[in-house]
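Spelled out from the first residue to the last, the chains are:
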Amino acid sequence: MKIGTPKEIFEGEARVAMTPESARQLQKLGYDCAIETGAGAAAGFSDATYVDAGVEIIKTPAALWKSVDIVAKVRQPTTVELKRMTKGKTLISFFNPAGNEEGMELAKSKGANVIAMEMVPRISRAQKMDALSSMANIAGYRAVIEAGNNFGRFFTGQITAAGKVPPAKVLVVGAGVAGLAAVGTSTSLGAITLAFDVRPEVAEQVESMGAEFVYLDFEEEQADGASSGGYASVSSPEFREAQLAKFRELAPEVDIVITTALIPNREAPELWTEDMVASMKPGSVIVDLAAEKGGNCKLTVMDEKIVTDNGVTIIGYTDFPSRMAAQASTLYATNIRHMMTDLTPEKDGQINHDMEDDVIRGATVTFDKEITFPPPPPKIQAIAAKPKETVPELTAEEKRALEVAEFKQQTKNQVTLLAVGAALLLSVGLVAPPSFMQHFIVFVLAVFVGFQVIWNVAHSLHTPLMAVTNAISSIIILGALMQIGSGSFLVILLAALSVFMTGVNIFGGFLVTRRMLAMFQKS
Amino acid sequence: MLGFTTAAYVVAAVLFILSLGGLSGQESAKRAVWYGIVGMGLAVFATLIGPGAGLWWLSILLIPAGGFIGYNLATRVQMTQMPELVAAMHSLVGLAAVFVGFIAHIELGRVLAMDDTAKKALEGFAALLAKKDGVEIGILRVELFLGIFIGAVTFTGSVVAYGKLAGKLTSTATKLPGGHALNAVAAGLSLITLIWYCNTGGFFPLFLMTLAALFIGYHLIMGIGGADMPVVVSMLNSYSGWAAAAIGFSLGNDLLIVVGALVGSSGAILSYIMCKAMNRSFVSVILGGFGGTSGPQMEVEGEQVAIDADGVATALEEADSIVIIPGYGMAVAQAQQNVAELTRRLRARGKTVRFAIHPVAGRLPGHMNVLLAEAKVPYDIVMEMDEINDDFPETDVAIVIGSNDIVNPAAQDDPNSPIAGMPVLECWKAKQVFVSKRGQGTGYSGIENPLFFKENTRMFYGDAKASLDTLLTQIS
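Line order of the protein sequences matches chains Y and E. Going by numbering that gives the first Met the number 0, the final residue of the first sequence carries number 522, and the count climbs one at a time with no gaps. Going by numbering that gives the first Met the number 0, the final residue of the second sequence carries number 475, and the count climbs one at a time with no gaps.
Certain hints may be false.
Derived list of chain Y stretches under chain E, where covered just means 3 residues or more per stretch with a C-beta under 8 Å from a C-beta of chain E [unchecked claim]:
| # | segment |
| --- | --- |
| 1 | 431-438 |
| 2 | 496-504 |
Straight-line distance between alpha carbons at most 25 Å, and here's what the computed PhoX-like set of lysine-lysine pairs gives [claimed, not checked]:
| # | chain 1 | residue 1 | chain 2 | residue 2 |
| --- | --- | --- | --- | --- |
| 3 | Y | Lys411 | E | Lys275 |
| 4 | Y | Lys127 | Y | Lys58 |
| 5 | E | Lys275 | Y | Lys407 |
| 6 | Y | Lys109 | Y | Lys127 |
| 7 | Y | Lys411 | Y | Lys398 |
| 8 | Y | Lys398 | Y | Lys292 |
Listed next, with one range per pair, are the computed distances between beta-carbon atoms [claimed, not checked]:
| # | chain 1 | residue 1 | chain 2 | residue 2 | range |
| --- | --- | --- | --- | --- | --- |
| 9 | Y | Leu417 | E | Asn278 | 27 to 35 Å |
| 10 | E | Glu317 | Y | Val164 | 43 to 51 Å |
| 11 | E | Ala305 | Y | Leu215 | 46 to 54 Å |
| 12 | E | Leu190 | Y | Val443 | 19 to 27 Å |
| 13 | E | Glu317 | Y | Leu417 | 54 to 62 Å |
| 14 | E | Gly24 | Y | Tyr214 | 21 to 29 Å |
| 15 | E | Val282 | Y | Asn351 | 53 to 61 Å |
| 16 | E | Asn198 | Y | Val443 | 22 to 30 Å |
| 17 | E | Val13 | Y | Thr415 | 27 to 35 Å |
| 18 | E | Tyr271 | Y | Leu496 | 15 to 23 Å |
| 19 | E | Glu317 | Y | Lys346 | 36 to 44 Å |
| 20 | Y | Ser487 | E | Pro63 | 51 to 59 Å |
Keep in mind that the hints were calculated from the coordinates and are not lab data. Each residue gets a CB set at the ideal place from its N, CA and C atoms; glycine is no exception.
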């Protein structure tokens, strides 16, 4: 089958879904590759490099869409592009299925199979095709670079002959992939970096990148990201208030704010209010990575850079990955290539669109004239970590109460046992002759002493205990000794045998015990 | 002389109590055995010179003869064969109890047949019998009947336990067709013969009961699996004590009663401790087989990942704290010396090495402690389950040598597992777990062990001794 990539027609889009490198890998899977002339030019890949990699160059988009079986592209396809799809063709692209009802209808009516790259489920196995993450990574990096570009000072603090330079203070809101990339870039440039996220479990990741996690004084149990596939969910109004108060406190101090807070399929939450912007120092920079979804700051203008009256620059670009087209194309093309690897288990150049596979099923939005969006929840949970059941610490009083209750229970048990025992003993005493009672009392006392003594025996000495009790139980020899002299031959024989056997036992038992005990030694 | 004998008995009883009580610590235990030996010597001596003992030359001849055999057995036996030896010796006590009971029966018959003048001339045990009235004779019959019954059960039970422990009989639980019903029939028969015997005093019902008791002992223990042997051995130990106590009643000998009760209660407590450690009721152990489960067991996911000696050596090299969990497999492979050598070398490098012992590891209570002690592992680094279970999360490497069920996480995770609720060593919480095991088979109870499939578990296949030998060449 043939896989082709057209030139992106979206204005300003510099990325390309196939690089010469990825084309070589795709050919190893058995596919023929084709590309529209000049498709890679904006990302720095000339037609010549594609030809070198064995890729066919096709002059017009119409010819390309017609001649290939699989189309790989970056941006959501336009209506014109979708109309070029025919039955059985596969399209791999960002598709925005949640906001692209018409697109899906059109693809369905055309009979095209569409794989939306943003729908790749967030499970470990699918990380290699997670284009959202690889693009977010670039966006985070680029956000810091853009901020630096518009920030009039150093990131790192310096003490020079010409005076002292304070370090820049960077606040990253939202510690997802983009946020963490921003944190990493910012700290490596030398800025003091703070980061915030509604999911407390990412604090560790933030701290591992060298930034400081901003904790809120808030008691509410936060739903961790594990239950929502690793994404943040909507927080309660109280929590939001606490969060905004914290930001208000930080606003005058920070020089650069990078907001990355997005909730899937929702308008971006407003986190950086106008009054915060107003309280910031002149020359500060805000980079709003959520600009496409309305922005975390309401002053943000999508795709534009503005400067407020108090001299704060707000950057609302949405094309950060495209601004680093070479890097972004390489990563995206690799994601596509991994997707193709999963679609081609036999490596024979034939697509095997396995709808049983969690990853492929999740990413597919139309298949075989059916809209298959939204997908069922993946069979494997994103993060299986079950919250640990913590045993609540008991307070001193509770412990005390527990002890008292236990003691009372114990006393009750003991008294009951004693009462029953005494009653039994008395009732036996009523009927049995005194000669029997005399022995019986000795017996009961001995059992009692035995219980008291044995409880204290060390666990590690249980085997010697058994050996020694075994030796001691040969006390039965006394019975034989007492009787051996009286009576018939049979009595003598049986008694003699008993004496002999218990003799074996006495010597063997004690000796073995001694051998065992001699081995125990202290270090 | 009667006064002297009684006094000697009192001293002997005190010595026996001290002997058992002294086992509360390793150091005092060494002294405690001497108390026991002296107590036994005193008791035998006092009986020999006391009233009623005749033919003392025969006794003096027979005791050393038996002692000679006992001495040889005890010095030759391997420490790993200890469980068999203890079981075998229990059978001797049981048989002796049966014989002594029969003698008492014969004597009773002889004395009752005499006329009054002849009775007056009797001395010793016979004289004691002669003085008894009707009720007392009835009680005596019950006592000696019980002594014979318990003795007979102990005898065959111990023989079967010996066979199982020594590998001469199959260690799986086997029952004759009819199962517990057969035991119940035999027990019912014994009860009928008791009534019969009390009324007639004849030999036949006694003989019939002995056969039934022998059968019960055999069949009961045959129906108990090898993994439950610690409970069985201590239970038989307890029985031999009760048998001695019952005989003591019929002979009117207080020392027999005291010592029998001591041994009996000690065995009972040990059995109770063992059962608690397995989270099972005594009855379910004795009746054999594991308790009922309410559903299918959890499927075990993942695969067992093998590792070679190099890998284990490297991990040990890097580890600071190491916990070794020995089990019956170590005893079978006779690997305790290698384990001890490994411990010495690791300790010489300044690593913390400790042993975690589960209460039911091995085939005898405290089995592992004895084996490790034999290999000169210092006892202060050998920990009980409760002492060490909390330390596993801080442990770098846990090494499981030949144990299975006692480290099975299913006991905690899977309510349908046959061993659910049994306290286990939580070794999977250690950073890394190595399992030295012969092959991929299941443990004694035949339960799949999810531990072997955990991500931090590596399987170190092979005979424990051979594996440790290769490992030792890597660690100098």
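Here is how each hint holds up against the structure:
no., hint, result
1, 431-438, "holds (count 5)"
2, 496-504, "holds (count 9)"
3, Y:Lys411 - E:Lys275, "holds, 22 Å"
4, Y:Lys127 - Y:Lys58, "violated, 32 Å"
5, E:Lys275 - Y:Lys407, "holds, 23 Å"
6, Y:Lys109 - Y:Lys127, "violated, 30 Å"
7, Y:Lys411 - Y:Lys398, "holds, 20 Å"
8, Y:Lys398 - Y:Lys292, "violated, 54 Å"
9, Y:Leu417 - E:Asn278: 27 to 35 Å, "holds, 28 Å"
10, E:Glu317 - Y:Val164: 43 to 51 Å, "holds, 44 Å"
11, E:Ala305 - Y:Leu215: 46 to 54 Å, "holds, 48 Å"
12, E:Leu190 - Y:Val443: 19 to 27 Å, "holds, 24 Å"
13, E:Glu317 - Y:Leu417: 54 to 62 Å, "holds, 58 Å"
14, E:Gly24 - Y:Tyr214: 21 to 29 Å, "violated, 51 Å"
15, E:Val282 - Y:Asn351: 53 to 61 Å, "holds, 59 Å"
16, E:Asn198 - Y:Val443: 22 to 30 Å, "holds, 29 Å"
17, E:Val13 - Y:Thr415: 27 to 35 Å, "holds, 31 Å"
18, E:Tyr271 - Y:Leu496: 15 to 23 Å, "violated, 34 Å"
19, E:Glu317 - Y:Lys346: 36 to 44 Å, "holds, 40 Å"
20, Y:Ser487 - E:Pro63: 51 to 59 Å, "violated, 26 Å"
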